[in-house]
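Undergrad: Take these sequences, add in the hints, and give me the full structure.
Listed in order, the protein sequences are those of chains A and B.
Going by this note's numbering, the first sequence opens with residue 1, and the numbers climb by one from there.
Going by this note's numbering, the second sequence opens with residue 1001, and the numbers climb by one from there.
Some hints could be false.
Computed far set for chain A versus chain B, every beta-carbon distance over 10 Å [to be verified]:
{"id": "1", "residue": "Glu13"}
{"id": "2", "residue": "Phe26"}
{"id": "3", "residue": "Asp32"}
{"id": "4", "residue": "His41"}
Calculated cross-link-like contacts (lysine to aspartate or glutamate; reagent style DMTMM-like; alpha-carbon spacing at most 25 Å) [to be verified]:
{"id": "5", "chain 1": "A", "residue 1": "Lys116", "chain 2": "B", "residue 2": "Asp1155"}
{"id": "6", "chain 1": "A", "residue 1": "Lys109", "chain 2": "B", "residue 2": "Asp1049"}
{"id": "7", "chain 1": "B", "residue 1": "Lys1120", "chain 2": "A", "residue 2": "Asp160"}
{"id": "8", "chain 1": "A", "residue 1": "Lys47", "chain 2": "B", "residue 2": "Glu1028"}
{"id": "9", "chain 1": "B", "residue 1": "Lys1047", "chain 2": "A", "residue 2": "Glu28"}
{"id": "10", "chain 1": "B", "residue 1": "Lys1005", "chain 2": "B", "residue 2": "Asp1060"}
{"id": "11", "chain 1": "A", "residue 1": "Lys120", "chain 2": "B", "residue 2": "Glu1138"}
{"id": "12", "chain 1": "B", "residue 1": "Lys1109", "chain 2": "B", "residue 2": "Asp1049"}
{"id": "13", "chain 1": "A", "residue 1": "Lys109", "chain 2": "A", "residue 2": "Asp160"}
{"id": "14", "chain 1": "B", "residue 1": "Lys1109", "chain 2": "A", "residue 2": "Glu28"}
{"id": "15", "chain 1": "B", "residue 1": "Lys1125", "chain 2": "A", "residue 2": "Asp155"}
{"id": "16", "chain 1": "A", "residue 1": "Lys125", "chain 2": "B", "residue 2": "Asp1060"}
{"id": "17", "chain 1": "A", "residue 1": "Lys116", "chain 2": "B", "residue 2": "Glu1138"}
{"id": "18", "chain 1": "A", "residue 1": "Lys120", "chain 2": "B", "residue 2": "Glu1013"}
{"id": "19", "chain 1": "B", "residue 1": "Lys1091", "chain 2": "B", "residue 2": "Glu1031"}
{"id": "20", "chain 1": "B", "residue 1": "Lys1116", "chain 2": "A", "residue 2": "Asp160"}
{"id": "21", "chain 1": "B", "residue 1": "Lys1036", "chain 2": "B", "residue 2": "Glu1013"}
{"id": "22", "chain 1": "B", "residue 1": "Lys1116", "chain 2": "A", "residue 2": "Asp134"}
{"id": "23", "chain 1": "B", "residue 1": "Lys1082", "chain 2": "A", "residue 2": "Glu138"}
{"id": "24", "chain 1": "B", "residue 1": "Lys1082", "chain 2": "A", "residue 2": "Asp134"}
{"id": "25", "chain 1": "B", "residue 1": "Lys1082", "chain 2": "A", "residue 2": "Glu13"}
{"id": "26", "chain 1": "A", "residue 1": "Lys125", "chain 2": "B", "residue 2": "Glu1028"}
{"id": "27", "chain 1": "A", "residue 1": "Lys82", "chain 2": "B", "residue 2": "Asp1134"}
{"id": "28", "chain 1": "A", "residue 1": "Lys109", "chain 2": "B", "residue 2": "Glu1013"}
{"id": "29", "chain 1": "A", "residue 1": "Lys82", "chain 2": "A", "residue 2": "Glu13"}
{"id": "30", "chain 1": "B", "residue 1": "Lys1109", "chain 2": "A", "residue 2": "Asp135"}
{"id": "31", "chain 1": "A", "residue 1": "Lys82", "chain 2": "B", "residue 2": "Asp1135"}
{"id": "32", "chain 1": "A", "residue 1": "Lys116", "chain 2": "B", "residue 2": "Asp1160"}
{"id": "33", "chain 1": "B", "residue 1": "Lys1120", "chain 2": "A", "residue 2": "Glu138"}
{"id": "34", "chain 1": "B", "residue 1": "Lys1047", "chain 2": "B", "residue 2": "Glu1028"}
{"id": "35", "chain 1": "A", "residue 1": "Lys125", "chain 2": "B", "residue 2": "Glu1138"}
{"id": "36", "chain 1": "B", "residue 1": "Lys1120", "chain 2": "A", "residue 2": "Asp155"}
{"id": "37", "chain 1": "A", "residue 1": "Lys82", "chain 2": "B", "residue 2": "Glu1138"}
{"id": "38", "chain 1": "B", "residue 1": "Lys1125", "chain 2": "A", "residue 2": "Glu138"}
{"id": "39", "chain 1": "A", "residue 1": "Lys109", "chain 2": "B", "residue 2": "Asp1155"}
{"id": "40", "chain 1": "B", "residue 1": "Lys1109", "chain 2": "A", "residue 2": "Glu13"}
Hints listed in this document are in silico derivations from the structure and should not be mistaken for laboratory results.
A virtual CB, placed ideally from N, CA and C, is assigned to each residue, including glycine.
Letter by letter, the chains look like this.
Number of protein chains: 2
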Amino acid sequence: MSDMKTAILDAAERRIQAGGFGGFSFREIAEDVGIKSSSVHYHFPTKEDLAAEVVRRWTDRTSGNIDREFAKDPNAKRVWAKALRGTAFSKAHMCPCTILGASSQDLPKAVAAEVKRFFKMCQDKMVAQGMSADDASEFLSTIIGALVVANALRDSAEYDRATTTFRVAEKSAA
Amino acid sequence: MSDMKTAILDAAERRIQAGGFGGFSFREIAEDVGIKSSSVHYHFPTKEDLAAEVVRRWTDRTSGNIDREFAKDPNAKRVWAKALRGTAFSKAHMCPCTILGASSQDLPKAVAAEVKRFFKMCQDKMVAQGMSADDASEFLSTIIGALVVANALRDSAEYDRATTTFRVAEKSAA
DNA sequence: TGCAATCTATCTATCAACAGATAGATTAGT
DNA sequence: ACTAATCTATCTGTTGATAGATAGATTGCA
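TA: This is the structure we're talking about:
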């Protein structure tokens, strides 16, 4: 992957984290990376292509991060809660899949499909790590919702308040 | 409140539930209610005004619904879980405050403030109903997140999976 | 080696569609 | 006659997308 393609994905990711699919334009991305909007189209023909690849990359990256941390700490919930905590306290504050998932009904097919894939990956991995299906559903909802509520209240500490149980507990293991 | 003003709020609410703040235009709303876009501006001067009032109404409505149901059932979590379940299984599938909360960083001030007010209302009411602050934070995150995940997976039943604990349990009372 | 063909990555310029917003005329109810 | 509500018409700006030109690197063949 060329440097420019990566830079475009980075810029799009940042803007999607703030405003979702409607929250970025080819011209804005172009300014961010220092080229013209038509050149962004060269790398990603349509807006749908670009957004879908941002989500795909995020999913794969998250999956890898979780695997790496789970190898070091067998408490799956703590691993997940810590991983998303990084997002809550990052500059962007939000996970692109969460903001896109909330407006999933208004998304181009390819983007909606990638977002769906992200949440499926989360649930499947949690079950593989030992959680029951219901437990994984409830837990995933909690950490995703914590991201939304913290963002809405403009208070990252709110994420900690909502996830104390999982980040601290030594018992309720994977 | 005039019938037309209510109809405009209804239309805007529906469209916000699907696509957030960027998911509706004055022209679309105008078509929905059968007038011209300039006439929508007569009732709500700016897009910010309209969106803010949609959220304000949703907050007040939700607050009233919860109070009414809590008077009939003293189990606060069951009351909240059932109330949001109605949203998850509605045609719109989403709560406007949730979709707007996820993109809160990109919202006009007045809208962001109203969204913040919604989540504050939820937490304050939960605490007033007997939950601890941390418990309220975690529980609110769970039901909000369940809405997002169910929407992204295009499967309302996912909301039930994530909230079984609260909707069924007779014990973990308010 | 040297030349022709092709590819990569960017540019300029432009299009039709749509956005939010405003001014001013018109209509209908009291 | 006044007012509330709607209309017509228009403005300025932005959007995603496309066409066509260009410079430079790479490749393939004689």
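Undergrad: Look at each hint and say if it fits the structure.
TA: For each hint, the structure was consulted:
no. : hint                     : verdict
1   : Glu13                    : holds (14 Å)
2   : Phe26                    : holds (15 Å)
3   : Asp32                    : holds (16 Å)
4   : His41                    : holds (21 Å)
5   : Lys116/A with Asp1155/B  : holds (10 Å)
6   : Lys109/A with Asp1049/B  : violated (31 Å)
7   : Lys1120/B with Asp160/A  : holds (16 Å)
8   : Lys47/A with Glu1028/B   : holds (22 Å)
9   : Lys1047/B with Glu28/A   : holds (22 Å)
10  : Lys1005/B with Asp1060/B : holds (17 Å)
11  : Lys120/A with Glu1138/B  : holds (22 Å)
12  : Lys1109/B with Asp1049/B : holds (10 Å)
13  : Lys109/A with Asp160/A   : violated (34 Å)
14  : Lys1109/B with Glu28/A   : holds (22 Å)
15  : Lys1125/B with Asp155/A  : holds (19 Å)
16  : Lys125/A with Asp1060/B  : violated (39 Å)
17  : Lys116/A with Glu1138/B  : holds (24 Å)
18  : Lys120/A with Glu1013/B  : violated (29 Å)
19  : Lys1091/B with Glu1031/B : holds (20 Å)
20  : Lys1116/B with Asp160/A  : holds (18 Å)
21  : Lys1036/B with Glu1013/B : holds (18 Å)
22  : Lys1116/B with Asp134/A  : violated (30 Å)
23  : Lys1082/B with Glu138/A  : holds (15 Å)
24  : Lys1082/B with Asp134/A  : holds (17 Å)
25  : Lys1082/B with Glu13/A   : violated (35 Å)
26  : Lys125/A with Glu1028/B  : violated (41 Å)
27  : Lys82/A with Asp1134/B   : holds (17 Å)
28  : Lys109/A with Glu1013/B  : holds (23 Å)
29  : Lys82/A with Glu13/A     : holds (21 Å)
30  : Lys1109/B with Asp135/A  : violated (37 Å)
31  : Lys82/A with Asp1135/B   : holds (19 Å)
32  : Lys116/A with Asp1160/B  : holds (18 Å)
33  : Lys1120/B with Glu138/A  : holds (22 Å)
34  : Lys1047/B with Glu1028/B : holds (12 Å)
35  : Lys125/A with Glu1138/B  : holds (22 Å)
36  : Lys1120/B with Asp155/A  : holds (12 Å)
37  : Lys82/A with Glu1138/B   : holds (15 Å)
38  : Lys1125/B with Glu138/A  : holds (22 Å)
39  : Lys109/A with Asp1155/B  : holds (16 Å)
40  : Lys1109/B with Glu13/A   : holds (23 Å)
The structure fails to meet hints 6, 13, 16, 18, 22, 25, 26 and 30 from the earlier list, while all remaining hints are met.
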